[in-house]
Amino acid sequence: MFASRHERAATLLLALVLIGCGPINWTRVILNHPFEAKDLAFIKPGETRLDDVVRRLGAPNDLQETPNGMIAEYYYYDSMRFDVDFGWPAGFFLPPGASMAPHQAEFTNAGVAADSFEVAFDKSGVVQYKGFSHTTSVPGLNNSPFSQVP
Amino acid sequence: MLGLEGCAFSRGDLGAPLDASRVSDIKNGRTTEAQVIALLGAPDRIQEINKRQVFHYYRYAMKHGTVLVFSRVNIASDDLYVFFDQNGVVEQVVYGNRTNNLKFQFWPFGHTEGD
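Note that the protein sequences, when read in sequence, are chains A and B. All residue numbers for the first sequence refer to this note's numbering, where the first residue is 2 and numbers rise by one. All residue numbers for the second sequence refer to this note's numbering, where the first residue is 416 and numbers rise by one.
Some hints here could point you the wrong way.
[Claimed, not checked] Only pairs whose alpha carbons sit at most 25 Å apart, straight line, appear in this in silico BS3-like list of lysine-lysine: (1) B:K518 <-> A:K39; (2) B:K478 <-> B:K518; (3) B:K466 <-> A:K124; (4) A:K124 <-> B:K442; (5) B:K466 <-> A:K131; (6) A:K131 <-> A:K39.
Keep in mind that the hints were calculated from the coordinates and are not lab data.
Chain A on its own, in the form it takes in the complex:
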């Protein structure tokens, strides 16, 4: 059935990965959803009111007092993580007490995007200005932890 030892090994590895025993993991953590430009086009400084902003965007995650009124902040966080545990195969050969030791040989790579959209209101609740504190996109992952940050 299998032409070579390599094919047998690859099939065994694939089977173990498919039943969730593998040394590879992708994990993503997301807080809220990002806004796009079209979601925010309705906000006009000097015209739009707090009620309008809340009706379209929901309640802000935080409010901060400013000398002229207040700032409403909407948070967004997105992270992706990739793990490979190179010590995982050793767990099949080591005695039970040493099962944690091989898992120190782990390769991890993570990317994080954090964004905050802010709308400033005057004391009567009319928008003064709006803007993003950062403009990161959904994170990608570098192939290696040693490569340069783009």
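Given chain A, work out where chain B should sit, using these hints.
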């Protein structure tokens, strides 16, 4: 049973859900601080913004899914702000619910819009 290996779903909450019917009982210009506390309990945070007291109630919900080697954690919050005038009467209510749309997902790739 072998096919269920590597599957896990879990959820977590920080804070009690905000009862929308109780939130709608808060009326601008009529409801007092004491009545808001009787309806919703003590606020999670009290702020002062432009000499107005603001009660902030919040709740966070998390849904996590793992299938085989893929995991995803979705988190969202509900926030309620109640603004009071200087006499302690409600002036404005700002409420948003994001947790109703929170989903169990496991696929970690792709854009989040339209999830």
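### Hint check against the structure, violated hint numbers in rising order
The structure breaks none of the hints.
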